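K.L.:
Here the protein sequences line up with chains E and S, keeping their order.
With UniProt numbering, the residue at position 259 of the first sequence is 259, and numbering never jumps.
With UniProt numbering, the residue at position 340 of the second sequence is 340, and numbering never jumps.
There's no promise every hint is true.
Label-pair distances were calculated between CB atoms; the ranges are [to be verified]:
1) S:S405 <-> E:A26: 16 to 24 angstroms
2) S:V377 <-> E:Q29: 43 to 51 angstroms
3) E:G79 <-> S:S405: 57 to 65 angstroms
4) E:G230 <-> S:T31: 32 to 40 angstroms
5) S:D421 <-> E:R146: 54 to 62 angstroms
6) S:T31 <-> E:Q29: 21 to 29 angstroms
7) E:A26 <-> S:R195: 46 to 54 angstroms
8) S:D421 <-> E:D229: 37 to 45 angstroms
9) E:Q29 <-> S:P322: 57 to 65 angstroms
10) S:S317 <-> E:E203: 49 to 57 angstroms
11) E:G57 <-> S:S405: 43 to 51 angstroms
12) E:K6 <-> S:E129: 41 to 49 angstroms
No more than 27 angstroms apart at the CA atoms, straight line, and that leaves these computed lysine-lysine pairs for DSS-like [said to hold, decoys possible]:
13) S:K359 <-> E:K233
14) E:K264 <-> S:K303
15) E:K243 <-> S:K401
16) E:K96 <-> E:K6
17) E:K233 <-> S:K414
18) E:K257 <-> S:K194
Not everything, but these chain E residues come out facing chain S in the computed CB check (under 10 angstroms) [what the hints assert, rightly or not]:
19) R44
20) E72
21) D80
22) P88
23) E143
Honestly, the hints are just simulated from the structure, not real lab data.
On a predicted model such as this, the values are computed, not experimentally measured, just so you know.
We put the beta carbon where it would ideally sit given N, CA and C, even for glycine.
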Amino acid sequence: MYKITKSEQLSENEYDFWIEAPRIAAKAQPGQFVILRINDNGERIPLTIAETDPSNGTIRLIFQVIGKTTAELSKLNTGDSILDLTGPLGMPTEIKNYGTVLIVGGGVGIAAIYPIVKGLKQAGNRVITILGAKTAELVILQEECRYYSDELIITTDDGTLGVKGLVTEAMEQVIAREIINCSWAIGPSMMMKFCTLTASKHEVPIYVSLNPIMIDGTGMCGGCRVTIDGNIKFACVDGPEFKGTDVNWDEFISRMKQYTDEEKQCLTADQKVQVTPHG
Amino acid sequence: MARRSRTKTPIAEQKPAVRKSNFDEVCLGYTIEEGQAEAIRCLQCKDAPCIASCPVMIDIPGFILAIKAGDMQEAADILGRYTNLPAICGRVCPQEKQCEQVCKLGKAKNFEPVAIGKLERLVADWALENQDFSTLSQSTQPKIGKIAVIGSGPSGLTVAGDLAKLNYEVIVYEALHDAGGVLTYGIPEFRLPKRIVKKEIQSIEALGVTIETNVVIGKTITMDEIMNEFDACYISVGAGAPNFMGIPGTALNGVYSSSEYLTRINLMHSYEFPKYDTPIKRSKNVVVIGGGNVAMDAARSAKRLGAEHVSIVYRRSLEELPARIEEYHHSVEEEINYHWLTNPIEYMNDGHGNLNGVKCIKMELGEPDQSGRRRPVPIKNSEFTIEADTVIEAIGQGSNKVLLSTFPELKLTKWGYIEADPKTGETSIPGVFAGGDIVTGAATVILAMGAGKVAAVQIDKYVQEKKQTPVTTKV
């Protein structure tokens, strides 16, 4: 059993948990994820590790309520436990000094870019971070990201915080004024696809982190397969990070919708949950 | 003595019309009386060819004699000396190609061999019902050493059980949340009930073996740490990375690997969705690609999930089918259709990213290939399409690279499996042993167990003779 040592609600649908998992806390690097299962009837779902505290043996998971499992998880409190937690899984981000880097996080994807922002800053990069969300209250980890960024730009769809508009518009402005050596974008699939188009238009290398449907997370089932530069890759072991320009986006986005009908069926038992596709 | 029956004592099975809509076990097993009737058929050969053809060398005439005498405890004790997983072996071993194939009774004109596998299952099931594993005595002597076993499938469980019996401290690491490896995620309930797997695993834990789930070696714990903290380790991670044919449409929704399909069903109970949270597509027309036991398992599972039409597409003919013939017969009884000498060439898109058909081509058999089987060759202009909303590729597995990629010192074969001496399980690194599918490529449960038995003896030898200062002397 893995005990929740701290739980907090960040917004209507976003939650911030610290969970006891000493082995994972000791090993996790930016870009890696865990697979968790809440109880015996539960499914296995992947969540990015937002932060670790090796001295306390805890890891931080920030998640959005999307389906049944995240809904159930959101109802757990400090002191409760989950049944299974495996990790750290996936290949870590390649942290090194690139020069100037541009890092874009959208919605709950901000939780996934935060360890990358922190790692790249500590590796000596000049870090420009763009955080985007629908509205002000969904801009999570603002202070943490600001602390490790040389420059922080916030965009919201409704203009309630930062600049009104899309992250890609902010990207264009940054790329127009200075040379970017490498970039990352993590968020909804559509956002990552358009960030890729923006970066590649200006020949800026870009990495994205894919979150397809997964089961085991160790390369055994092939459910998370994605087409990368024409080849079948498994996001759980070959990724989750890939060059954005190598990803077959239409296929990826289509495969995210595989179980939409089944998810709705699951939710009839749990009507409180909102239905939105994975990603 | 009663006259020997020419044929095996019949065994009760669920009727095809009933079982094709449930996941309960197909074969119901012998009663003790039926088992005794079958045991009488055994000739008790002095040279017992059945023993020699068993990868774990079970004293087959011995346990059969005990059944005949009605001494089930004695039969269980004999089995227990050779195998830690008899209820599993009794169900999934390819007996017809091992012990039963060489049975002298079966060599006699018009006689069937003794139903050794079914008798093993009878004894094992009796033991699971009647033996209290919690009372098994564990030695209080200081442990000889500490061994890590990586992977809790049949090979890992066997080595763990045998080393525990030799008085080692053994920790088994499992990446998934349940132990058992392929026994748990791969083989369906109707062939191998999970309660049987759980019970036999408990019997191994009762020997003093610790199983830690949710640990991925190479990620959660590194091989360096394993090498420092243990006297030796045994790598039995299986061959779990699914192969794909890679034909157009592989990414369509509705295209599964057999590993994914069976993992959803067996490990995650998706056939009980929504009681269990993991979904699986309930399809009308299912096509399975491949001809092994895994293909049979996938096809029969699809039928049980309610599919109206399930076909197996196999590029060779029935003669070359690698699956057990018993499973083939079961599948035919359950109305699984076969497209022999056929290969898929494209998965068809309904225009919304979902599968709606499998385009196939007819094949003919040419010259033998490296496997000795005649190589299938496509016949020009013989394309046709099978309607399908789910396709399951059951075309084999490769080696999983998660651990191997973090352990570059370990020598691999040209196919990416671990290079290990089949007689000892030794790898290129002292103290690191390996066996099962990660050495041989996908094979059978009993071969993996055989490798575990061999390695247990060699690991003991290695720690006692070569390793001067074992890392543990813990009591």
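K.L.:
Hint by hint, work out which the structure violates, then give me just those numbers in ascending order.
P.N.:
3, 4, 6, 7, 9, 11, 16, 18, 21 and 23
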